[in-house]
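Take these sequences, add in the hints, and give me the full structure.
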Amino acid sequence: MKETGDEFLGYLQAEDYESAFEMLHPELKSEEGDWRSFAGWLQDSLFSVDSWTTSSRSIEDDHGELEGVITDLDGDKWDYYLGLIQEGGEWRIYEYSFDPR
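Sequence positions in the sequence shown follow the working numbering and run 1 to 101.
Please note: incorrect hints may appear among the correct ones.
Unchecked claim - Estimated spans, in silico, between C-beta atoms of each pair:
hint	residue 1	residue 2	range
1	Arg57	Arg36	29 to 37 Å
2	Gln43	Asp6	17 to 25 Å
3	Lys77	Glu27	28 to 36 Å
4	Asp74	Pro26	32 to 40 Å
What the hints assert, rightly or not - Below, simulated EDC-like cross-link-like pairs (lysine to aspartate or glutamate); rule was C-alpha separation at most 16 Å, straight line:
hint	residue 1	residue 2
5	Lys77	Asp50
6	Lys2	Glu90
7	Lys2	Glu67
8	Lys2	Asp74
9	Lys29	Asp74
Keep in mind that the hints were calculated from the coordinates and are not lab data.
Note that this is a predicted model, so its numbers are computed, not measured.
Cβ coordinates follow ideal geometry from the N, Cα and C atoms, glycine included.
What follows is the structure, given as structure tokens:
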């Protein structure tokens, strides 16, 4: 599960929003629209990822949560949360948040 979170954040760091979008659960994808809408929202309201650390992870049945801190290219810190669900052996992101400290 942590590998999925790291892969997702790595795509955000590389500004590969299309690949990050593909990691979302189908229901979240439909809420977001398409990958271009997802990318636009991230580019307009967030930051450029420099690095991240995961401070908390939990798994219960087929649900997991990851929490940690992202450092952006300006050195600012952001708390992150990823909610994941496992379906067909794959972890998908069904919820996320990024909050400035």
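Query raised in the report: What hint numbers does the structure not satisfy?
Result: Those not satisfied are hints 8 and 9.
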